[in-house]
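Take a look at the letters that make up each chain.
There are 6 protein chains.
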Amino acid sequence: MFRTFFLFAFLLSTTSHVSPIDFCIADLKVARTPAGYPCKPPSTVTVDDFVFSNYLPGKNNIFNFSFTLASVDNFPSLNGLGFSMARFDIEEGGVVPMHTHVDADEVIIMLQGNLTAGFISSDSNTAFVKTISEGNIIVLPKGLLHFALNVGKGKASANVIFSSVKPSVQLFDVALFGNNLDSAIVEKTTFLDHAQVQKLKGQFKGSD
Amino acid sequence: MFRTFFLFAFLLSTTSHVSPIDFCIADLKVARTPAGYPCKPPSTVTVDDFVFSNYLPGKNNIFNFSFTLASVDNFPSLNGLGFSMARFDIEEGGVVPMHTHVDADEVIIMLQGNLTAGFISSDSNTAFVKTISEGNIIVLPKGLLHFALNVGKGKASANVIFSSVKPSVQLFDVALFGNNLDSAIVEKTTFLDHAQVQKLKGQFKGSD
Amino acid sequence: MFRTFFLFAFLLSTTSHVSPIDFCIADLKVARTPAGYPCKPPSTVTVDDFVFSNYLPGKNNIFNFSFTLASVDNFPSLNGLGFSMARFDIEEGGVVPMHTHVDADEVIIMLQGNLTAGFISSDSNTAFVKTISEGNIIVLPKGLLHFALNVGKGKASANVIFSSVKPSVQLFDVALFGNNLDSAIVEKTTFLDHAQVQKLKGQFKGSD
Amino acid sequence: MFRTFFLFAFLLSTTSHVSPIDFCIADLKVARTPAGYPCKPPSTVTVDDFVFSNYLPGKNNIFNFSFTLASVDNFPSLNGLGFSMARFDIEEGGVVPMHTHVDADEVIIMLQGNLTAGFISSDSNTAFVKTISEGNIIVLPKGLLHFALNVGKGKASANVIFSSVKPSVQLFDVALFGNNLDSAIVEKTTFLDHAQVQKLKGQFKGSD
Amino acid sequence: MFRTFFLFAFLLSTTSHVSPIDFCIADLKVARTPAGYPCKPPSTVTVDDFVFSNYLPGKNNIFNFSFTLASVDNFPSLNGLGFSMARFDIEEGGVVPMHTHVDADEVIIMLQGNLTAGFISSDSNTAFVKTISEGNIIVLPKGLLHFALNVGKGKASANVIFSSVKPSVQLFDVALFGNNLDSAIVEKTTFLDHAQVQKLKGQFKGSD
Amino acid sequence: MFRTFFLFAFLLSTTSHVSPIDFCIADLKVARTPAGYPCKPPSTVTVDDFVFSNYLPGKNNIFNFSFTLASVDNFPSLNGLGFSMARFDIEEGGVVPMHTHVDADEVIIMLQGNLTAGFISSDSNTAFVKTISEGNIIVLPKGLLHFALNVGKGKASANVIFSSVKPSVQLFDVALFGNNLDSAIVEKTTFLDHAQVQKLKGQFKGSD
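First to last, the sequence lines map onto chains A, B, C, D, E and F. Counting from 1, position 63 in the first sequence corresponds to residue 63 in UniProt numbering; the numbering is continuous, with no gaps. Counting from 1, position 159 in the second sequence corresponds to residue 159 in UniProt numbering; the numbering is continuous, with no gaps. Counting from 1, position 108 in the third sequence corresponds to residue 108 in UniProt numbering; the numbering is continuous, with no gaps. Counting from 1, position 109 in the fourth sequence corresponds to residue 109 in UniProt numbering; the numbering is continuous, with no gaps. Counting from 1, position 178 in the fifth sequence corresponds to residue 178 in UniProt numbering; the numbering is continuous, with no gaps. Counting from 1, position 82 in the sixth sequence corresponds to residue 82 in UniProt numbering; the numbering is continuous, with no gaps.
Keep in mind that a hint or two might mislead.
Copies of one chain are not kept apart here, so a pair can be met inside one copy or by any two copies together.
Below, in silico cross-link-like pairs of lysine-lysine (DSS-like), each with a Cα-Cα straight-line distance of 25 Å or less [said to hold, decoys possible]:
1) LYS153 to LYS188
2) LYS40 to LYS130
3) LYS188 to LYS155
4) LYS153 to LYS130
5) LYS188 to LYS130
6) LYS205 to LYS40
7) LYS29 to LYS40
8) LYS59 to LYS199
9) LYS59 to LYS188
10) LYS153 to LYS59
11) LYS40 to LYS188
12) LYS188 to LYS205
13) LYS201 to LYS29
14) LYS59 to LYS205
15) LYS40 to LYS155
16) LYS130 to LYS155
17) LYS59 to LYS155
18) LYS130 to LYS201
19) LYS205 to LYS130
Derived from the structure by calculation, the hints contain no laboratory data. In this text the structure is predicted, and so the values were computed from the model without any measurement.
Please put together the full structure from these sequences, using the hints given.
Here it is as structure tokens:
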């Protein structure tokens with residue numbers, strides 16, 4: 001049987017040394033393609049490439065929430081898998097402002113506390129809103145405006161899954177008031193009053 | 001050669017009567033799947049299934065533009081093709097308000113006039129804005145906030161292409177102020193003032 | 001502005017009542033296609049279609065673990081999203097036997113306790129094994145043999161994500177010893193001894 | 001251990017009775033979608049659904065070849081797999097006329113005899129032609145004009161693989177001369193002489 | 001609120017500097033993959049990458065038409081979008097000869113004039129032919145032989161959309177008579193007469 | 001007409017020299033991406049890139065079978081095509097041990113002899129087993145445990161097709177007993193006896 005195995009291993013090796021198919025750990029030093037990053041050389045892969053180690057509550061921002069994202073950028077074994085995940089913790093009264101994720105569905109798996117989460121459909125322009133707690137999961141469909149509020153007592157925590165190896169985030173206020181987009185254009189295209197736009201441009205540090 | 005053709009036709013026919021592969025005209029009376037609609041029976045297909053006949057400037061809305069969309073809903077031969085198109089005409093001074101298309105890139109092919117079009121990237125939060133005219137095409141990437149203004153003299157017209165058989169449209173004002181989404185939630189998640197929200201709820205007929 | 005909104009809503013409605021694009025909640029009463037289930041009628045969709053409510057630790061099986069799966073079968077809003085998730089709890093000493101998931105990568109997000117998880121690559125026939133705890137995530141690539149053991153003190157819990165709306169599970173012992181696959185075939189194709197096969201056929205209730 | 005297996009089987013069964021993922025045998029009585037046919041009910045599936053039994057040389061046509069195609073139409077377990085196959089036998093001197101396969105790459109695996117096969121690239125308008133025999137495989141890229149000739153001694157046979165569950169076939173002569181396409185249009189769009197078009201319309205039974 | 005924005009921007013920036021997801025402008029100096037070109041560095045992207053500026057009627061060829069194609073080769077922001085477009089102008093009496101596009105559906109959006117366009121299905125070998133004018137769109141399904149004739153008075157113009165970032169074009173006459181494909185092979189595989197083949201080889205400059 | 005062709009060729013060439021779309025021969029010296037290898041430069045492509053020349057029965061291994069695989073690794077024109085193929089020959093009494101292919105359906109096209117082939121479904125844990133001979137094809141669905149035995153008289157031969165440009169192979173015995181996976185883990189996760197594991201570790205040269 002010794003020779004059997006030897007021959008068999010040889011057979012296998014002739015078909016496996018060039019292009020491993022089992023996985024494709026991202027080589028982040030090379031430009032990505034529309035289908036993802038090129039794979040790093042398989043000979044350099046160890047078990048640690050498959051393990052992410054800092055998936056813990058982060059430091060709160062001024063909105064009273066923290067968001068620790070494991071995406072292909074810091075967890076390269078997600079390359080080509082089509083999803084990523086984040087640890088989300090929000091203090092009592094905290095708010096996740098209205099935003100969209102380009103090309104990513106979002107799923108919130110509640111761990112503790114109470115969260116009022118919602119999205120607005122584009123087909124029927126309906127607000128779908130629900131307060132969820134431990135044991136609940138909510139789906140927020142791709143690309144639609146959505147938000148979350150910790151309306152309960154104490155902290156709320158969740159694991160959040162995105163159907164993209166790296167979800168883009170577009171926050172309404174940051175996009176409209178946090179850059180050099182001309183105030184006159186903002187006003188004309190949003191019907192917001194001049195004073196309102198100026199106030200938020202001030203708060204979000206957009207230039208005029 | 002008569003018999004040749006006869007035999008050959010027979011050979012072909014045995015492989016083609018069950019599932020035509022050339023096209024899949026949507027049968028809109030049946031529920032769609034994530035990959036599109038089921039195909040209508042090939043025996044009922046005529047050349048008119050491949051032709052859309054009302055692709056003309058429509059009636060202007062109050063924003064001074066018209067938008068005639070040929071999507072899988074009214075042009076079923078787009079089923080499975082991955083794109084749709086619209087005839088877009090906008091009067092001098094007209095505004096296409098800030099909006100997103102879920103899961104569809106947009107390309108504007110200018111036919112006449114001048115249009116200032118722009119989008120805001122989510123990665124770098126940069127406003128990409130350009131005034132375009134006949135002979136110009138602009139790409140507005142999938143899911144990002146974008147807008148257009150006819151800032152020139154006279155009417156502007158364009159053919160617009162979407163990378164979806166039916167682009168969803170989410171307008172900022174309609175989504176936030178045109179439904180029953182609670183005003184308090186709108187205020188908390190957008191940082192807009194109470195008075196501003198009430199004013200726009202009134203204009204866009206949202207309930208309080 | 002009243003009329004504006006009215007006209008605008010009319011424009012939108014003419015393009016949205018036939019085939020909503022925002023989501024496709026599975027209609028489980030109709031046969032699925034290779035791309036997923038047909039969508040249920042949008043008029044019947046409520047926020048509860050987006051919420052899963054029983055995502056809690058289940059009853060332990062004899063291996064001392066419980067596994068509560070939210071897949072397209074019991075959470076139809078996952079239709080077309082490309083992933084599903086499970087709540088996994090395993091007592092001290094519990095074992096998840098050697099198995100594969102057809103066509104699904106698996107990601108384990110640790111919540112508490114210690115788990116030794118591992119998989120065997122097919123390219124290099126290497127065992128990748130790691131003991132993980134809270135704050136760790138491990139990727140187990142698609143289709144490869146893998147396992148987990150609670151080797152720590154006390155219970156271990158995790159959220160598990162699969163890159164499929166419904167992961168198939170093929171357990172080594174159940175597949176080989178829990179059905180009517182002929183014992184002689186099992187022996188010849190696995191090199192296991194006759195007595196070993198008979199013993200496991202007895203334990204897993206396979207016929208001879 | 002008896003109870004173990006019982007509990008385990010129960011766990012598995014609760015997640016598997018609605019939508020089997022292992023395979024999707026086409027239900028040919030229902031309209032296909034762009035992603036393939038709906039699946040037939042799993043309870044009706046037997047091993048015979050996975051076996052095709054008439055993959056043998058067929059009756060020669062006037063071109064001196066036979067072609068036995070196993071496509072999703074007569075082998076429903078190919079549904080969703082992305083390929084199909086044909087047994088191809090061609091007598092000495094036989095010709096497979098110039099044709100294309102819409103949306104399918106073709107691979108010829110030679111079994112016996114000699115075949116001169118070729119295709120014309122569209123990028124560089126180059127004829128790629130090679131005479132192949134047993135032990136040779138040739139790739140004919142998707143959508144390009146190609147042909148084959150048995151230029152050797154005796155019969156040639158091959159297994160042919162297509163990257164589609166059902167390859168469409170468009171033969172140059174049948175498409176141009178075997179239907180009611182107006183002769184004047186054929187002449188103008190092909191630069192063929194009137195007499196040549198009339199002659200081939202006669203041979204391929206096209207109307208004038 | 002100043003610190004709010006600062007913290008928020010910081011949070012965002014940590015997840016966005018490595019791999020922008022918003023778009024993937026082709027880096028044409030690097031080899032493409034089956035899914036498209038690698039992305040150029042986001043720091044070098046400006047609004048001009050999203051704008052194509054020479055989309056105007058070109059110089060007529062001898063067939064009396066011009067065709068200005070915006071594909072990924074000269075408009076790199078189309079990379080990964082799945083479509084491209086062309087400005088098409090054809091003089092009275094002009095002919096677009098019989099041809100196919102490998103792997104690309106074509107949609108003609110008429111701007112002015114009258115065009116008789118048609119394709120031949122492979123399933124039923126039917127000629128689908130229609131004369132279209134301004135306000136009409138026609139779909140020509142992927143891979144099938146098709147043609148167009150300006151049969152009206154005056155020039156005809158159109159925007160043409162392809163479901164590929166770069167449509168290959170295979171013209172019947174150029175493919176068969178414009179290269180070194182052996183005349184004997186052409187005759188045997190097309191059933192065209194020797195004199196006809198020689199004549200067209202002469203016109204299209206093919207070698208014998 | 002001379003000038004015609006010249007102008008026409010010029011038109012074509014301006015759209016084709018950068019990124020050929022007809023094919024994408026793998027450049028195996030560059031790292032692959034999740035969608036396949038980058039394409040080698042088109043100017044270096046010849047007809048020999050499309051031809052595989054050593055597709056012949058190989059040398060038998062100790063299990064009495066040979067397996068000659070044409071995958072993207074040694075036949076780079078398969079890049080992006082989604083399938084690969086193997087010549088399979090097995091002597092009387094030969095056994096293909098229990099194994100899986102990650103992410104590849106397998107189709108066996110019998111050429112001669114008799115083969116008992118089977119797979120075990122994961123949904124219903126059913127063994128689907130059939131003895132097949134010349135003129136039969138069997139589908140073995142993606143990722144499931146399967147096996148084959150030459151139970152007939154004399155040699156059996158087949159062409160085997162995989163729905164992957166390079167099928168990974170995971171053999172039960174090699175994966176469990178042919179590497180450094182800890183024996184205690186093997187025993188706990190497979191329920192095999194200690195003595196059985198030690199015996200097979202010896203035969204398959206796994207370390208303890």
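Quick one: LYS59 to LYS199, C-alpha cut-off 25 Å, is that within a copy, between copies, both, or neither? This pair counts as neither: shortest intra-copy Cα distance 27 Å, inter-copy 37 Å.
At most 25 Å between C-alpha atoms: does LYS153 with LYS59 qualify within a copy, between copies, both, or neither? So LYS153 and LYS59 pass the 25 Å test inside one copy only (20 Å; across, 29 Å).
When no copy is named, should LYS130 and LYS201 be tagged within, between, both, or neither for a Cα gap of at most 25 Å? Result: close only across copies, 22 Å inter versus 31 Å intra.
Between LYS59 and LYS205, at a C-alpha cutoff of 25 Å, which is it: within one copy, between copies, both, or neither? within (22 Å within a copy, 40 Å between copies)
Can you tell me if LYS40 and LYS155 fall within 25 Å by alpha carbon in one copy, between copies, both or neither? neither (40 Å within a copy, 36 Å between copies)
My question is about LYS205 and LYS130: at a cut-off of 25 Å on alpha-carbon distance, are they close within one copy, between copies, both, or neither? Between copies only: 23 Å across chains, 33 Å inside a chain, cut-off 25 Å.
Alpha-carbon proximity between LYS205 and LYS40, which holds within one copy, between copies, both or neither at 25 Å: Result: close neither inside a copy nor across copies, 40 Å intra and 29 Å inter.
For the identical chains here, do LYS59 and LYS155 meet the 25 Å Cα criterion within one copy, between copies, both, or neither? For LYS59 and LYS155, only the intra-copy Cα distance (14 Å) is at most 25 Å; the inter-copy one is 28 Å.
Alpha-carbon proximity between LYS188 and LYS205, which holds within one copy, between copies, both or neither at 25 Å: both (20 Å within a copy, 19 Å between copies)
One pair to classify: LYS59 and LYS188, alpha carbons no more than 25 Å apart. Within, between, both, or neither? Result: close only across copies, 21 Å inter versus 37 Å intra.
One pair to classify: LYS29 and LYS40, alpha carbons no more than 25 Å apart. Within, between, both, or neither? both (9 Å within a copy, 13 Å between copies)
Between copies, within a copy, both or neither: which fits LYS188 and LYS155 at Cα up to 25 Å? between (39 Å within a copy, 18 Å between copies)
Hints 6, 8, 11, 13, 15 from the list above are not met by this structure, while the remaining hints are.
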